[in-house]
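**Q** If you read the protein sequences in the order shown, they are chains A and B. Using our numbering, you'd call the opening residue of the first sequence number 4 and step up by one each time. Using our numbering, you'd call the opening residue of the second sequence number -5 and step up by one each time.
What the hints contain is simulated information worked out from the structure, not anything from laboratory work. Keep in mind that a hint or two might mislead.
[As the list claims (entries may be wrong)] Below, computed lysine-lysine pairings styled on BS3-like, alpha-carbon distance capped at 30 angstroms: (1) K133(B) x K79(A); (2) K75(A) x K133(B); (3) K152(B) x K75(A).
In this text, all values refer to a predicted model and were calculated from it rather than measured experimentally.
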Amino acid sequence: MNLPVEKSATVFDSSAPVSHRASAQAPIELHHNVVDLPPIILEPSRSWVSLNLRDLWIYRELLYFLTLRDVKVRYKQTILGVAWVVMQPLLTTIIFTVFLGLLVKVPSDGIPYPLFAYAGLLPWTFFSGAVANSSNSLVGSAHLITKVYFPRMIIPGAAVGARLVDFAISAVILVGLMIYYNVSLTWSILMLPALVLLIMLLTLGLGMWTSALNVKYRDVGVALPVLIQLGMYVSPVLYPLSLVPERWRLVYSLNPLVGILENFRAALLGKEFNWSALLISVVITLVVLVYASYDFRRMERGFADIV
Amino acid sequence: MQPTIKVENLSKEFRIGARRDSYATLRDKLAGTIRAPLAALRQRRKAADNRVWALRDIGFEVMPGEVVGIVGRNGAGKSTLLKVLSRITEPTVGRVELRGRVGSLLEVGTGFHPELSGRENIYMNGAVLGMRRREIERKFDEIVAFAEIEQFLETPVKRYSSGMYMRLAFAVAAHLESEILLVDEVLAVGDSAFQKKCLGKMEDVTKQGRTILFVSHNMGAVGNICNKGILLERGRQLLISDIQTVVSTYISSGCAGEAEAVWDDPATAPGSDVARIRAVRILDREGQLMTSVDISAPVCIEVEYENLQAGANLATSVHLMQAGVGCVLAAGNGAAANLTHDAWGYKSHPKGIYRSVCRIPENFLNDKQYTISAYIVNDNRIEAHVLDAVSFEVVDSGEMRGEFLGEWIGAVRPKLAWMTHSLAERETSALFDAEIPLARD
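Start from the sequences, fold in the hints, and give me the full structure.
**A** This is how it looks when you write it as structure tokens:
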């Protein structure tokens, strides 16, 4: 075999040096020192997880901004805007007043039925709306979860927070109804903030837990509205606890909403508190909240990888 | 001095198909387990086999003020590394120590909501990135000025042009004051003027003594911004060194392309009874096979062909192809069309094997992937051809990247003669004046 053209053709020039920019950058001076700060350690977590409340505190402003965003965005490009917040419990109250109050004549412990129903529907609307909202919150925030770090609990937390704002707005109607029906306030009203806190914690616990489950099993998002719907009938929203037969009341009160809703009305309208139901509510709420927090933290590790 | 980032023995395992699993519903899982418990077990074992290590035994230290470029090809684990360091995902094995606040820019505009106004989004985005409200308030005017969106501050960002949106997003991120900044390819946004501004901002950041980890495919940007580099390949840490060494190692480590296509059997080699192509090769200036070349170095294309018919007037032609562009250029060794007086172009060939080499000059191609098609013609009739036989990648290590770091458009990027002068000083342009030397120095 002959090779007429030799390999040492002129196109190769092994002598030519490769030109490289001679720009070894100068070392950079330090202006501030971070060495004193405790380092952040990233390690694979063990089975037992801490709640890492310190991080939650550091990121508290994000909770505020995410809540604000939820509130602002929801009624953008709607004509009625914030009026929708009030519409939901108000319209439901009107419908139930007509059907249950006037036609079926459901007893209401001597309270005018519209007031009775609204005082039940107000916390119920908050509870159902907030649980539904937060259960979808993590899945809806996949773009955040995969791109930036912050304690993930803030996401369902902000979803609950946004509904708390709605709750406060809708409460204005309740005040109006109370004035209209000439309800005089009693010292019982002082229990109200505690009850609001209690329902908020219960909502937060359930919201966190369902939101984390929903990341892995999208079934949760489908099943939850049905369960919430059923929940309204096993809670004293449109009827009083006194309607439930005596021997079933204990079992019925295992629903933590029973103690909250009954006492919510009692605080507003100056009725007697049902302490035993309240105690059950407090215990169950705390159990739910603690379990949900730890389970959330446990599942949190996988969010970015599977969402 | 203690390192700001200390990574020890870091590994991250991913399950392939985890995404599909995640959508598997409870019902499937329950039904599957009830119907075939054995199959479920077997599947679990199979799932264990479907695991890949996205990162394996990574370990390095970064000192305060260092700007580290993370270099590697697609799938090398660059982004996963940033995700672990920014605490988005947990390491499977190993340990990371971070000293100071970590700001991660894996994307511009994280947390932007289209319905919210520019002002609201600045606060929203700032909070998502970990800025305090006070901090955002303090820098608000600076951010707005940097993004050049003063008059659209109250407009929902969904009405912004994409350029405005990107500018605003980068502006917020650029004002993040964390000790550690993790940046993933965000320089590739916006127009060139804005890119320049971003680059200036990055330089300011490093002057403040903050630590930056920068992931990019753009070797020009990496080479300019970073002073240290880490080369990753398939999840492993190949090299950690000064940035020039890392970039040149990256270049010489080659890409997925084929440097050489050889047809050993003369009977099946592409061609006709007159001529057959025996091999096509991509060579560097020393005649060594290569698939990746620095933009400032020449590329040699070698075509080896066999003449089977004595007296055939053969010539060689190569086409430089680029995906999405088509033919970038066609060049042949005919006497009129080449610079170096090729001895054989369109000349009568005795039987035998010949080797044509064509040299594409340095500072001519763009930082793209190119493929080569080769042709042997006999009096303008194609006797043999191979399409996309070999491919190579041109890597920009910063030769032409003094001023502009964005994506350089164009099929080629020749370094040309330029001369601008003020008309107040002289009347005629020197570029047309043969007396003024414009040739390469």
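**Q** Work down the list of hints and note, for each, if the structure agrees.
**A** Going through the hints against the structure:
1. A C-alpha spacing of about 28 angstroms is found between K133(B) and K79(A), which places the hinted pair at or below 30 angstroms, so the restraint holds.
2. Straight-line distance between C-alpha atoms of K75(A) and K133(B) comes to about 23 angstroms, which keeps the hinted pair within the 30 angstroms bound.
3. Pair hint K152(B) plus K75(A) holds up; C-alpha atoms about 15 angstroms apart against a cutoff of 30 angstroms.
In this structure, every one of the numbered hints holds.
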